[in-house]
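All chains, please: the whole structure from these sequences, using the hints.
Here the protein sequences come in this chain order: S and H.
For the first sequence, the numbering used here begins at 199 and goes up steadily by one.
For the second sequence, the numbering used here begins at 535 and goes up steadily by one.
It should be emphasised that the hints constitute simulated quantities derived from the structure, not laboratory data.
There could be a bad hint or two in this list.
Unchecked claim - Not the full set, but computed from the structure, chain H residues with beta-carbon under 10 Å of chain S:
#	residue
1	Tyr575
2	Ile620
3	His674
4	Lys718
5	Leu751
6	Val780
7	Leu783
What the hints assert, rightly or not - Cross-link-like lysine-lysine pairs, in silico, PhoX-like; alpha carbons within 25 Å at most:
#	chain 1	residue 1	chain 2	residue 2
8	S	Lys382	H	Lys536
9	S	Lys485	H	Lys773
10	S	Lys338	H	Lys782
11	S	Lys382	H	Lys691
For every residue, glycine included, the Cβ atom is placed at its ideal position computed from N, Cα and C.
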Amino acid sequence: MSVLLVLEDSCGKIRRVSWEAAAAAQKLAGGAGVTAVVIGAQTEALAAEAAGRGFAAVVRIEHPLLAQYIADGYVAALQQLIQKESPTYFVFPHTYQVRDYAPALATRMGQALIGDVTSIGDGPTFTRQLMQGRLNGSFKPAGSGPCFVSVQAGAFRADLAASGASAPVSTFAPALDAAQIRTKPSEPFRGSAQTVDLGSAQLIVSVGRGIREAENLPLIENLAAVLGAEIAASRPICDNGWLPMERQVGSSGQSVAPKLYLAVGISGAIQHLVGMKASQCIVAINKDPDAPIFEVADYGIVGDLFEVVPALTEAVKAAK
Amino acid sequence: MKIIVAIKQVPERDAPVRIAAGNKSINEVDLNWAMNEPDAYALEEALQLKEKNGGEVIVLSAGPERVGSTIREALAKGADRAIHVIADDLGSRDALGVAKLLAEAIKPENPDLVLTGLQSEDLGLGQTGVIIAELLGLPHSTLILQVEKTEAGINVKRELEEGWFQHIELPLPAVLTIQSGGNKLRYATLMGIKRAKMKEVRAVAAADLGPAAAPVLTLEQISLPSKQKSTQILPGSAKEAAAALVEKLKFEARVL
Numbered sequence: 199m200s201v202l203l204v205l206e207d208s209c210g211k212i213r214r215v216s217w218e219a220a221a222a223a224q225k226l227a228g229g230a231g232v233t234a235v236v237i238g239a240q241t242e243a244l245a246a247e248a249a250g251r252g253f254a255a256v257v258r259i260e261h262p263l264l265a266q267y268i269a270d271g272y273v274a275a276l277q278q279l280i281q282k283e284s285p286t287y288f289v290f291p292h293t294y295q296v297r298d299y300a301p302a303l304a305t306r307m308g309q310a311l312i313g314d315v316t317s318i319g320d321g322p323t324f325t326r327q328l329m330q331g332r333l334n335g336s337f338k339p340a341g342s343g344p345c346f347v348s349v350q351a352g353a354f355r356a357d358l359a360a361s362g363a364s365a366p367v368s369t370f371a372p373a374l375d376a377a378q379i380r381t382k383p384s385e386p387f388r389g390s391a392q393t394v395d396l397g398s399a400q401l402i403v404s405v406g407r408g409i410r411e412a413e414n415l416p417l418i419e420n421l422a423a424v425l426g427a428e429i430a431a432s433r434p435i436c437d438n439g440w441l442p443m444e445r446q447v448g449s450s451g452q453s454v455a456p457k458l459y460l461a462v463g464i465s466g467a468i469q470h471l472v473g474m475k476a477s478q479c480i481v482a483i484n485k486d487p488d489a490p491i492f493e494v495a496d497y498g499i500v501g502d503l504f505e506v507v508p509a510l511t512e513a514v515k516a517a518k
Numbered sequence: 535m536k537i538i539v540a541i542k543q544v545p546e547r548d549a550p551v552r553i554a555a556g557n558k559s560i561n562e563v564d565l566n567w568a569m570n571e572p573d574a575y576a577l578e579e580a581l582q583l584k585e586k587n588g589g590e591v592i593v594l595s596a597g598p599e600r601v602g603s604t605i606r607e608a609l610a611k612g613a614d615r616a617i618h619v620i621a622d623d624l625g626s627r628d629a630l631g632v633a634k635l636l637a638e639a640i641k642p643e644n645p646d647l648v649l650t651g652l653q654s655e656d657l658g659l660g661q662t663g664v665i666i667a668e669l670l671g672l673p674h675s676t677l678i679l680q681v682e683k684t685e686a687g688i689n690v691k692r693e694l695e696e697g698w699f700q701h702i703e704l705p706l707p708a709v710l711t712i713q714s715g716g717n718k719l720r721y722a723t724l725m726g727i728k729r730a731k732m733k734e735v736r737a738v739a740a741a742d743l744g745p746a747a748a749p750v751l752t753l754e755q756i757s758l759p760s761k762q763k764s765t766q767i768l769p770g771s772a773k774e775a776a777a778a779l780v781e782k783l784k785f786e787a788r789v790l
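Right under this line is the structure:
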């Protein structure tokens, strides 16, 4: 039994989601210990950061062709490490980058990634959400090869990842050829200048598909105005161009943690929940009593937002 | 450019979801079905590429007979023809098994580009496009918002996390998974719906695409999620519930 874990970095630091995945990997390994993997052209600092975090070992996959993330290079390098180590489990944080290469890596090994895992049970069985969070599915590997698992952000607590004495660090130099790298990425750039900082807002009224049409948005604006709240939205509202992208909360938008997050007509898909579930108080208004938003809400009103929101606006006014 | 768009039919967004006996699937009896929305964005991107650069858009979908309605919808929006992989056992295939079916159906067409949505709204695996690329030995990129044809291949705009983006050059043929929001979705016109009835839909039996491999993952059970918090549901009319909520937010949660 052996567990390998890929630690993802950003700007030279290991990302927080990696420590959450570490907690999951350590749970999976039991006492057996986890081998953490860092990848890049220069990985010394990353390895040093990882070495004090309770791993059995740290492996630096290092090659000049890994300076920038490219799926082809990552898949080829990790495939070689897997062939050398034959791990039982191979764990990733569920990030955009992992979504880009882990399914290809698993396919190359004749396996399928169990993606976006929210909990690990006895067996082990791996639970992930289905139907936009309305259901859970629990999965087990049936094959004999390594089992690939990516861990949902926010599902495991980073502070539960073990810490401990310095782990031995080794370097693994994969054999890579420039001809294997078929795609050419350019430098990442920021989207349009951010003019709204939802991250520092104390009160947020957030709107989802339930609003049906852009013409209905004044309903939300009125409520936000009487509360003195910022307006935010789930992805589809911004996709439709009804509100600017910078007001989007969720995995592809901003992460927020206000005192009050009032979710109106938002069903609560996991991509949205990861961006707001750290809020101090969550209120959900939704016509569907089974909407997953109610799983994280402190207070809920099951009803038609076109009746509830005007009533709430009046009630807030009256209470002032 | 010859473009294949892989499209999935999924339960309508507000459809009532009930777990079927045996706890391994959902009850399909009362379900209405729709085109997976991210796939609709993939179709839109394909249609716009064709309008700019010429070529052909082929819709590919796997599933039982009911999938035909979603295929017709795609044809009505402007796809030229379709391939329907007739399969009644998709529920018992894992992501690898379904992607194998689609890859086998794609192979003889030799497309320049394969597009699909970044994930499905029912299973949400978010892997099918990437697995297809690996099975076909093609380069890929995911979470793509824009595609532009270049001399050497294509240049795409990829969404990264936290408001960052990146341009990537890929040679053709290639596989892309499309993020929602890059384009505005079109509606089918009456003329389009009429024309769709005349367009070719080629049926291919799943069995003719090779034997189903033993799954590498098994679904143990489907269950209702357990609540993470104990939610206080405020009853009564809209007015009563709103008044009760303001009370709670002021004096219990103390956030107003």
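Tested hints:
no.: 1; hint: Tyr575; verdict: holds, 8 Å
no.: 2; hint: Ile620; verdict: violated, 23 Å
no.: 3; hint: His674; verdict: holds, 7 Å
no.: 4; hint: Lys718; verdict: holds, 7 Å
no.: 5; hint: Leu751; verdict: holds, 5 Å
no.: 6; hint: Val780; verdict: holds, 5 Å
no.: 7; hint: Leu783; verdict: holds, 7 Å
no.: 8; hint: S:Lys382 to H:Lys536; verdict: holds, 22 Å
no.: 9; hint: S:Lys485 to H:Lys773; verdict: holds, 15 Å
no.: 10; hint: S:Lys338 to H:Lys782; verdict: violated, 43 Å
no.: 11; hint: S:Lys382 to H:Lys691; verdict: holds, 12 Å
In the structure shown, a violation is registered for the earlier hints numbered 2 and 10, in ascending order.
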